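Peer 1: Assemble the whole structure, with the sequences as input and the hints as a guide.
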Amino acid sequence: MTKFIVRRLSWMILVLLVVSIITFIFMHAVPGGPFTLERPLPPATLEQLQIRYGLHLSLPEQYINYMTNLIVPVVTRGRLDPASRSDYLINFPLPFSDELVFRWMDFGPSYKSTTRTVNDIFRENLPLSAQLGLQASIFAIALGLPLGVIAALRRNTFYDYFGMGIAIFGVSIPVIISAPILQYVIGVQLGWLPLSGWGKPSQMILPVVTLGFSQSAVIARVTRASMLQVLNEDFVRTAHAKGLRERQVVVGHVLKNALIPVVTVIGPMLAFLITGSFIVETIFAIPGMGRFFVVSLFGRDYSVIMGSILLLATLVVLANTLVDVAYAWLDPRIRYY
Amino acid sequence: MDQTDQIKGLEVHQERSLWWDALVRLSRNRAAVTGAIIILVILIAAVFAPMIAPKGFDEANLRAPFAIPLWISRVFPNLKPMEEGGYTLINNEYPLGADKLGRDVFSRILYGARVSLLVAFIGPTVALILGTIIGVTSGFLGGGVDNAIMRIADVMYAFPTLLFIILMLVYFRNSFRESSPGTFIFALGRLDASIGGLLFVFIGIGITSWMGNGRLARGQVLSIRQTEYIAAARALGASTPRILFRHVMPNILGPMIIAETLAIPAYISYEAFLSFIGLGVLPPTPSWGGMIAEGAQYIQNYPYLTVFPALALFIVMFAFNFLGDGLRDALDPRMRGVD
Chain U
1 MTKFIVRRLS WMILVLLVVS IITFIFMHAV PGGPFTLERP LPPATLEQLQ IRYGLHLSLP
61 EQYINYMTNL IVPVVTRGRL DPASRSDYLI NFPLPFSDEL VFRWMDFGPS YKSTTRTVND
121 IFRENLPLSA QLGLQASIFA IALGLPLGVI AALRRNTFYD YFGMGIAIFG VSIPVIISAP
181 ILQYVIGVQL GWLPLSGWGK PSQMILPVVT LGFSQSAVIA RVTRASMLQV LNEDFVRTAH
241 AKGLRERQVV VGHVLKNALI PVVTVIGPML AFLITGSFIV ETIFAIPGMG RFFVVSLFGR
301 DYSVIMGSIL LLATLVVLAN TLVDVAYAWL DPRIRYY
Chain H
1 MDQTDQIKGL EVHQERSLWW DALVRLSRNR AAVTGAIIIL VILIAAVFAP MIAPKGFDEA
61 NLRAPFAIPL WISRVFPNLK PMEEGGYTLI NNEYPLGADK LGRDVFSRIL YGARVSLLVA
121 FIGPTVALIL GTIIGVTSGF LGGGVDNAIM RIADVMYAFP TLLFIILMLV YFRNSFRESS
181 PGTFIFALGR LDASIGGLLF VFIGIGITSW MGNGRLARGQ VLSIRQTEYI AAARALGAST
241 PRILFRHVMP NILGPMIIAE TLAIPAYISY EAFLSFIGLG VLPPTPSWGG MIAEGAQYIQ
301 NYPYLTVFPA LALFIVMFAF NFLGDGLRDA LDPRMRGVD
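Quick mapping for you: the protein sequence lines, in order, are chains U and H.
Residue 177 in the numbering used here is what sits at position 177 of the first sequence, and the numbering runs on without skipping anything.
Residue 192 in the numbering used here is what sits at position 192 of the second sequence, and the numbering runs on without skipping anything.
Keep in mind that the hints were calculated from the coordinates and are not lab data.
The model shown is predicted, which means the values in this text are computed figures rather than measured ones.
Treat the hints loosely; a few may be bogus.
[As the list claims (entries may be wrong)] One side of the interface only, derived from the structure: several residues of chain H facing chain U at Cβ under 7 Å: (1) T240; (2) A296; (3) L313.
[Unchecked claim] Some residues of chain H that are not near chain U, with every Cβ distance over 12 Å (derived): (4) A46; (5) I52; (6) P77; (7) P160; (8) V170; (9) R246; (10) Y270; (11) D325.
Yeah, the Cβ is synthetic: ideal placement off N, Cα and C, and Gly gets one too.
Peer 2: In structure tokens form, the structure reads like this:
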């Protein structure tokens, strides 16, 4: 098992390196640069700016510089004040000393923002996206799992049809539809919840529900299908024949086995919810990562583009790896190699 | 019963092919048939949009910005007409109201159906063709080629799909603008502009969505390769292409078609999303996603601008989901009753 995890993690690092190279090439292939403005800058100014940000170097050199700053951790001497925090995403005062600070992951300066580095941007905006994504995932699981279980146990009854009706409804409504409509009905017409923003619990309800709902439908459908499959297994009949109570059979035997396919859906879903909340962020005016990414792409803000894709790709790969590990752990029949 | 009858019976039974069987099963599924009928109606509406639509999709009327017919002001309580002390302009020429430039929302929705349906049909086709070619090659050749292709798929999986499509579209759109006439990119760009910006959307979808199909096709090929009838075909001296097209493909097509039909709603929402952030269909070509995005800015005062295209999108997604579920049940009888 340890060997399997180590192997998966090293493969993950390789994948991320390739992702970073592809992104870098693509990004620089787009015509124009961060300093291409409506009214062109004087050549001397442009040259100064490019030297200041290292854009005058060749592309491979730029790439190596960027990756070195990102990957190599450093230990610096000096107090940790707000200004120096901007230089690295992770600042961690080492114990036994007042002066030494462990610092890691420098995503570089933002070419568009004069006051914030990419590290600042991530530190302030990533948590919002992560909060939104995690809450939406919890909502999706909390709604979808019971819905699927009940539908399978009460198969072909009202509960089943009702639950699956909700599920197909949810699958058919992408966020792009449900977000504005919920916003209108609940925010504008009924006036129950605020229209936009993020921070107060009342502001979180609408975005979380919109984002989580369609995913809960997916979970409900997968749960139901896999529950039905397991319910037909011989060992379930044996459990009943042994005289176990219904509850024990369902929780101990059926659910435990039926969850395996569900886990495989939940992993990528987590990654998707954290990375794919652009629309919700746009409609509900949440200052998360999604909006920053789109804006930075139009402005050729290279370091923000690169940083966002790498960060989110890491999340996606990590989620997939976790699923594989969980899969191998849940089902002993699966051989990992 | 004499022998001829039995033989006749056998013949009749044999003539029903797998696909005919599936079609019969599909036609018995009421939800799937409803979905198919809805799609057909919308398809007809989209094809004949110029004849059905009361106005052109970019026909602006500066004297009727945000005009609505009387019935909308009755349905949406806060849209009171000016005469009754509200703020809305009443103009019954627009069955579903007009947008900020006075363009007819109903006509724009009709024309927008063209975009969504094109995406619904071409998106999966691109993914199906790319995925099948790559997957079958990978599975059939095996060895180093297989390994390389699957590793590429792994890398593609790691990309956050939406971010990658966005990055690619920004690249396509901008390099076209900067390219000089006569080059390949320039020709592509012209083609793209002539169909309202859809070409690059299709390319983006194709590049990011072949992996699922590729893996599916590869897995199927790997398992079919081991079966006796492939060995038999080989023993009879069948060539590799013949084995591929005659024996392998018909067997893997079913699961792949199911997977793609179920993915159609996802493609439709990709396009809607891309148009939402302004990278999809080029204005003034209407697209439901673009209309929703535009309307979302006025959601407080003019909600109908968002609600109607959203409703249209919802109906199409619903129809495709029903049809997809039905198709899965019909093509894969083993799945019946399970889901």
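Peer 1: Determine for every hint whether it applies to the structure shown.
Peer 2: Here is how each hint holds up against the structure:
1. T240: violated, 30 Å
2. A296: Since the shortest Cβ distance to chain U is 5 Å, the answer is holds.
3. L313: holds, 6 Å
4. A46: holds, 19 Å
5. I52: holds, 24 Å
6. P77: Contrary to the label, P77(H) does not stay out of reach of chain U, its closest Cβ about 7 Å off (not over 12 Å).
7. P160: violated, 4 Å
8. V170: violated, 5 Å
9. R246: Given that every Cβ of chain U is farther than 12 Å from that of R246(H), nearest at about 33 Å, it holds.
10. Y270: violated, 9 Å
11. D325: For D325(H), whose nearest Cβ neighbour in chain U is about 8 Å away, the distance does not exceed 12 Å, so it is violated.
Checked against the numbered hints above, the structure breaks hints 1, 6, 7, 8, 10 and 11 and satisfies the rest.
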